[in-house]
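Trainee: From first to last, the protein sequence lines stand for chains A and B.
According to the working numbering, the first sequence holds residues 415 to 663 in order.
According to the working numbering, the second sequence holds residues 2 to 332 in order.
In short, the hints are calculated from the structure, not lab data.
Where hints are given, some of them may not hold.
Stated by the list, open to error - With a cut-off of at most 25 Å between alpha-carbon atoms, the simulated DSS-like pairs for lysine-lysine come out as follows:
{"id": "1", "chain 1": "B", "residue 1": "LYS90", "chain 2": "A", "residue 2": "LYS514"}
{"id": "2", "chain 1": "B", "residue 1": "LYS118", "chain 2": "A", "residue 2": "LYS502"}
{"id": "3", "chain 1": "A", "residue 1": "LYS514", "chain 2": "B", "residue 2": "LYS91"}
{"id": "4", "chain 1": "B", "residue 1": "LYS115", "chain 2": "A", "residue 2": "LYS502"}
{"id": "5", "chain 1": "A", "residue 1": "LYS514", "chain 2": "B", "residue 2": "LYS47"}
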Amino acid sequence: MSLSLNKINAVLQLRLKLMLSNLSLLFTPIFAIGFVIIMGSLLPNLDGGEAGAPFSTSGFLLSFGLIFNIAIGGISMSSSPIAEEKEKHTLRVLMTSSVKGVEYFIGSMIPLLVILVATNILLIPASGVAFNDIPLPAYLVITTLASLISILIGYIIGTYAKNQAQASLISTPILITLTSIPVLKIFNENLAEILNYTYGGVIANLSDALAADRGYQWNVTDVSVLAAWFIATLGLFIYIYKKNGLDSD
Amino acid sequence: MALMTLENVMKQEDNSTVLKGIDLIINEKSQIGIKMTNEESLVLFKLIAGELTPSSGRIEIGTSSILTEFTEDGLYEDLTVSSYLAAFKKIADFKNPLKEFSGIFSLSDVWNTKISKLSLDQKKRISLFRMSLFSPELLLIQSPLSNSTAEGIELYKKALDHLQSNNVAILFTSHFLEELLLLSNDIYRYNHNIGLEKTDLAHENKLMPADETETVIKPNNVYKVSSKLADKTIFFSPDEIDFIESINSVSNIRIGEEYFPTVLTMNELEEKLTKFGFFRCHRSYLVNLQRVSELVSYSKNTFTLILKGSSKVNLPISRNRLEAMRALIEF
Numbered sequence: 415m416s417l418s419l420n421k422i423n424a425v426l427q428l429r430l431k432l433m434l435s436n437l438s439l440l441f442t443p444i445f446a447i448g449f450v451i452i453m454g455s456l457l458p459n460l461d462g463g464e465a466g467a468p469f470s471t472s473g474f475l476l477s478f479g480l481i482f483n484i485a486i487g488g489i490s491m492s493s494s495p496i497a498e499e500k501e502k503h504t505l506r507v508l509m510t511s512s513v514k515g516v517e518y519f520i521g522s523m524i525p526l527l528v529i530l531v532a533t534n535i536l537l538i539p540a541s542g543v544a545f546n547d548i549p550l551p552a553y554l555v556i557t558t559l560a561s562l563i564s565i566l567i568g569y570i571i572g573t574y575a576k577n578q579a580q581a582s583l584i585s586t587p588i589l590i591t592l593t594s595i596p597v598l599k600i601f602n603e604n605l606a607e608i609l610n611y612t613y614g615g616v617i618a619n620l621s622d623a624l625a626a627d628r629g630y631q632w633n634v635t636d637v638s639v640l641a642a643w644f645i646a647t648l649g650l651f652i653y654i655y656k657k658n659g660l661d662s663d
Numbered sequence: 002m003a004l005m006t007l008e009n010v011m012k013q014e015d016n017s018t019v020l021k022g023i024d025l026i027i028n029e030k031s032q033i034g035i036k037m038t039n040e041e042s043l044v045l046f047k048l049i050a051g052e053l054t055p056s057s058g059r060i061e062i063g064t065s066s067i068l069t070e071f072t073e074d075g076l077y078e079d080l081t082v083s084s085y086l087a088a089f090k091k092i093a094d095f096k097n098p099l100k101e102f103s104g105i106f107s108l109s110d111v112w113n114t115k116i117s118k119l120s121l122d123q124k125k126r127i128s129l130f131r132m133s134l135f136s137p138e139l140l141l142i143q144s145p146l147s148n149s150t151a152e153g154i155e156l157y158k159k160a161l162d163h164l165q166s167n168n169v170a171i172l173f174t175s176h177f178l179e180e181l182l183l184l185s186n187d188i189y190r191y192n193h194n195i196g197l198e199k200t201d202l203a204h205e206n207k208l209m210p211a212d213e214t215e216t217v218i219k220p221n222n223v224y225k226v227s228s229k230l231a232d233k234t235i236f237f238s239p240d241e242i243d244f245i246e247s248i249n250s251v252s253n254i255r256i257g258e259e260y261f262p263t264v265l266t267m268n269e270l271e272e273k274l275t276k277f278g279f280f281r282c283h284r285s286y287l288v289n290l291q292r293v294s295e296l297v298s299y300s301k302n303t304f305t306l307i308l309k310g311s312s313k314v315n316l317p318i319s320r321n322r323l324e325a326m327r328a329l330i331e332f
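Extracted from the complex, chain A is given alone in its bound form:
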């Protein structure tokens, strides 16, 4: 299958124009930064070492912000446009205009990924974690891979759903589960162990380690969990896409 860079570029520009003409899609990353700043000013500044409890305010805020941006932003920003295009019958027009499904997905993914990665970086100063203490390559690799996984989950939902209402309905339980991870990890040790095997758990571990000033060490579990999630979501997305097509109606 040959892909056309020209068409990927055309879809990318089209998606950018649509984002700029309707800024509501950008609310989630903006809210992620805004919430972290507001919560940072409201919560007491606790540090695990001083209080004796395994809790750090800046770590919790970074973890919360990353989950908010990557899970809610990544999934909703990728599932909603596909569902909207199906509902408004614009996707069929695009598909019959010689654009292949893969070209559409790649072209739509690039601006989303750029926004998510930029927000992930901006969340570091917003949460109060020292920039100099961040091992940037590890941080970028983990958060970018997690963002990609979220985008793929969004694509699965968007490809499966027939309209925006159905996409929201399917997304809601997934988003609630993912956004609860940082809190659940604090209050239940057994559950925390299980959540370590979710990609949200890996993000929470990363931000905890950074905030506790322990420094983040690459480990086999985190890498394997992210790789397994990426392969599983990619495989499921390809299966759903082949089964349903992009515009099955």
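On the provided structure of chain A, position chain B as indicated by the hints.
Mentor: What follows is chain B alone, placed relative to chain A:
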């Protein structure tokens, strides 16, 4: 070579026949209209575009440059006309500046306006403009003029002339014959019992001069009921007509769900059509007996004729006319 040839094509879906008896040749530059339902049109377009395989029959495809437009197709309403078309220009790899063509599609004055603020007429022309960027050889368009204004129709036809000058063939489908009369040179009607039937058309400006018609040999036993719509006169074979109804002293030919007015009176029509199996069942109705499926008696003196087809039309018949009908068809 024809762009597309369909020979006795039949398509079944979910154990029911959606299309059958489709014989059609689409040549370069042709503008063909087919009267059919949206569901039938959807299947036909998918068969022609190669998205569906016919259950039986043969489709010979002479071009791969086919684009389809369905009534429900949407536009990116948040974009302006220029940015929407610019996106598709890039996809189509269209080289010429778009602005040059904005006048042809009568979009110059709304070039930088958001699509959501445009009228339905203007949106239809944007769709046509978008399709033209791909330099298609064959366009399949579903009911483009439904809910259009008179000005909108005129401007759409102007844009179609541009496409035709570029040798684009267009196949239109619509539920309404009047719409197809405005768009097409050849018109067919799809009848789910017999398939595709060609409708005879005579263009007002193409009628033969009187002196030439005098020398033409007149065939016997040929009769067609005519109805004049816009600048075209449409002819119906008696066997196509379900019944004729007099409404406000105007005789209206009823075919399927549609009415076509004719200048002939009910008496004149009765005289002409009796030999083709028509029967005056009521002062206001002349029914094609071949289309009658049931005779129902609701009371001692009230009888009703029920016609074939999905609409299940009921026509009144008086007791004395019933005796005449009984004598005629011997039941």
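Trainee: Hint by hint, say whether it matches the structure.
Mentor: Taking the hints in turn, this is what the structure says about them:
| no. | hint | in the structure |
| --- | --- | --- |
| 1 | B:LYS90 <-> A:LYS514 | 16 Å, holds |
| 2 | B:LYS118 <-> A:LYS502 | 16 Å, holds |
| 3 | A:LYS514 <-> B:LYS91 | 14 Å, holds |
| 4 | B:LYS115 <-> A:LYS502 | 16 Å, holds |
| 5 | A:LYS514 <-> B:LYS47 | 18 Å, holds |
Figure legend: structure checked against the earlier numbered hints; every hint is met.
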